[in-house]
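K.L.:
Given next are the chains, with one letter for each unit.
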Amino acid sequence: AQRVTQPEKLLSVFKGAPVELKCNYSYSGSPELFWYVQYSRQRLQLLLRHISRESIKGFTADLNKGETSFHLKKPFAQEEDSAMYYCALHSGNTPLVFGKGTRLSVIA
Amino acid sequence: EAGVAQSPRYKIIEKRQSVAFWCNPISGHATLYWYQQILGQGPKLLIQFQNNGVVDDSQLPKDRFSAERLKGVDSTLKIQPAKLEDSAVYLCASSWDSHTEAFFGQGTRLTVV
Numbered sequence: 008a009q010r011v012t013q014p015e016k017l018l019s020v021f022k023g024a025p026v027e028l029k030c031n032y033s034y035s036g037s038p039e040l041f042w043y044v045q046y047s048r049q050r051l052q053l054l055l056r057h058i059s060r061e062s063i064k065g066f067t068a069d070l071n072k073g074e075t076s077f078h079l080k081k082p083f084a085q086e087e088d089s090a091m092y093y094c095a096l097h098s099g100n101t102p103l104v105f106g107k108g109t110r111l112s113v114i115a
Numbered sequence: 073e074a075g076v077a078q079s080p081r082y083k084i085i086e087k088r089q090s091v092a093f094w095c096n097p098i099s100g101h102a103t104l105y106w107y108q109q110i111l112g113q114g115p116k117l118l119i120q121f122q123n124n125g126v127v128d129d130s131q132l133p134k135d136r137f138s139a140e141r142l143k144g145v146d147s148t149l150k151i152q153p154a155k156l157e158d159s160a161v162y163l164c165a166s167s168w169d170s171h172t173e174a175f176f177g178q179g180t181r182l183t184v185v
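Protein chains in written order, with the numbering used here: chain A, 8 to 115; chain H, 73 to 185.
In case anyone wonders, no lab produced these hints; they're calculated from the structure.
Being a predicted model, the structure only gives us computed values, none of them experimental.
A virtual CB, placed ideally from N, CA and C, is assigned to each residue, including glycine.
Please note that a few of the clues may not be correct.
Claimed, not checked - Derived Cβ-Cβ restraints for the label pairs, each shown as a range: (1) A:Arg10 with H:Leu156: 34 to 42 Å; (2) A:Gly99 with H:Ser79: 17 to 25 Å; (3) H:Leu156 with A:Ile63: 34 to 42 Å; (4) A:Arg110 with H:Lys87: 39 to 47 Å; (5) A:Arg50 with H:Ser90: 21 to 29 Å; (6) A:Thr12 with H:Leu156: 21 to 29 Å; (7) A:Leu17 with H:Leu156: 34 to 42 Å; (8) A:Arg110 with H:Pro133: 44 to 52 Å; (9) H:Thr148 with A:Gly99: 24 to 32 Å; (10) A:Gln52 with H:Ser90: 25 to 33 Å; (11) A:Met91 with H:Glu173: 41 to 49 Å; (12) H:Val126 with A:Arg50: 20 to 28 Å.
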């Protein structure tokens with residue numbers, strides 16, 4: 008069965024500090040991994056996907072199949088990065104499976 | 073383009089009552105999802121439609137939950153009768169197909185008292 012694990016419920020960092028939001032998954036095939044973000048009072052939206060291998064708002068994530076991880080990283084956190092972040096997995100015709108989310112709080 | 077529209081935004085009902093939620097997906101999106109998000113947890117899929125057909129409803133509590141998308145556009149999700157544990161945010165999302173980005177609505181926050 009597919010499973011996405013985000014071990015941290017809350018992550019607090021100071022502005023300008025590096026950020027790493029952890030995500031581990033369990034799936035035997037070749038999954039697609041995503042990061043979704045929900046800012047305060049806004050709807051859930053896609054931040055980035057591993058296929059595109061792009062940097063969005065300074066965030067990057069690399070799929071590590073050996074460690075079954077897809078950690079989200081940003082070298083210098085900004086206050087506007089404070090939000091809920093969800094890691095999600097999709098494979099074949101199965102729908103998105105979400106982790107429980109990590110709340111990132113960037114302290115000025 | 074207009075986003076996914078959901079109504080109502082909030083609903084408070086007593087247990088054993090019925091409730092219905094409505095979703096209007098982005099125009100042209102064939103795939104529609106209903107997710108349940110309980111406080112402190114990630115969204116959990118309830119049902120996935122491809123046009124007006126059900127693709128996956130394995131996690132839908134069919135004894136009390138039902139959903140339809142009769143014309144392949146709008147969708148309704150119904151709970152009858154509601155239980156206290158149904159208190160959650162119900163999210164609707166749509167995408168061009170099951171392999172493309174899903175766009176989410178604002179959600180309906182249901183409180184069962």
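K.L.:
Now look at each hint and say whether the structure bears it out.
P.N.:
Here is how each hint holds up against the structure:
1. A hinted range of 34 to 42 Å is violated for the C-beta pair A:Arg10 and H:Leu156, which are about 27 Å apart.
2. Restraint check, A:Gly99 to H:Ser79: a C-beta distance of roughly 33 Å breaks the suggested window 17 to 25 Å.
3. At roughly 39 Å, the beta carbons of H:Leu156 and A:Ile63 sit within the given window of 34 to 42 Å.
4. Taking the beta carbon of each, A:Arg110 and H:Lys87 are about 30 Å apart, not inside 39 to 47 Å as hinted.
5. Separation of A:Arg50 from H:Ser90 is about 26 Å and conforms to the stated range, judged on CB atoms against 21 to 29 Å.
6. Under the hint 21 to 29 Å, the C-beta atoms of A:Thr12 and H:Leu156, about 28 Å apart, fit the expected range.
7. For the pair A:Leu17 and H:Leu156, the supplied restraint of 34 to 42 Å is violated, since their beta-carbon distance comes to about 26 Å.
8. One distance hint, 44 to 52 Å for the beta-carbon pair A:Arg110 and H:Pro133, is violated here, with the actual separation near 28 Å.
9. Separated by about 28 Å at the C-beta atoms, H:Thr148 and A:Gly99 satisfy the suggested range of 24 to 32 Å.
10. Against the hinted window of 25 to 33 Å, the Cβ-Cβ separation of A:Gln52 and H:Ser90 comes to about 31 Å, which satisfies the hint.
11. For the pair A:Met91 and H:Glu173, the beta carbons lie near 18 Å from each other, so the given range of 41 to 49 Å is not met.
12. Between H:Val126 and A:Arg50 the C-beta distance comes to about 24 Å, which sits within the given range of 20 to 28 Å.
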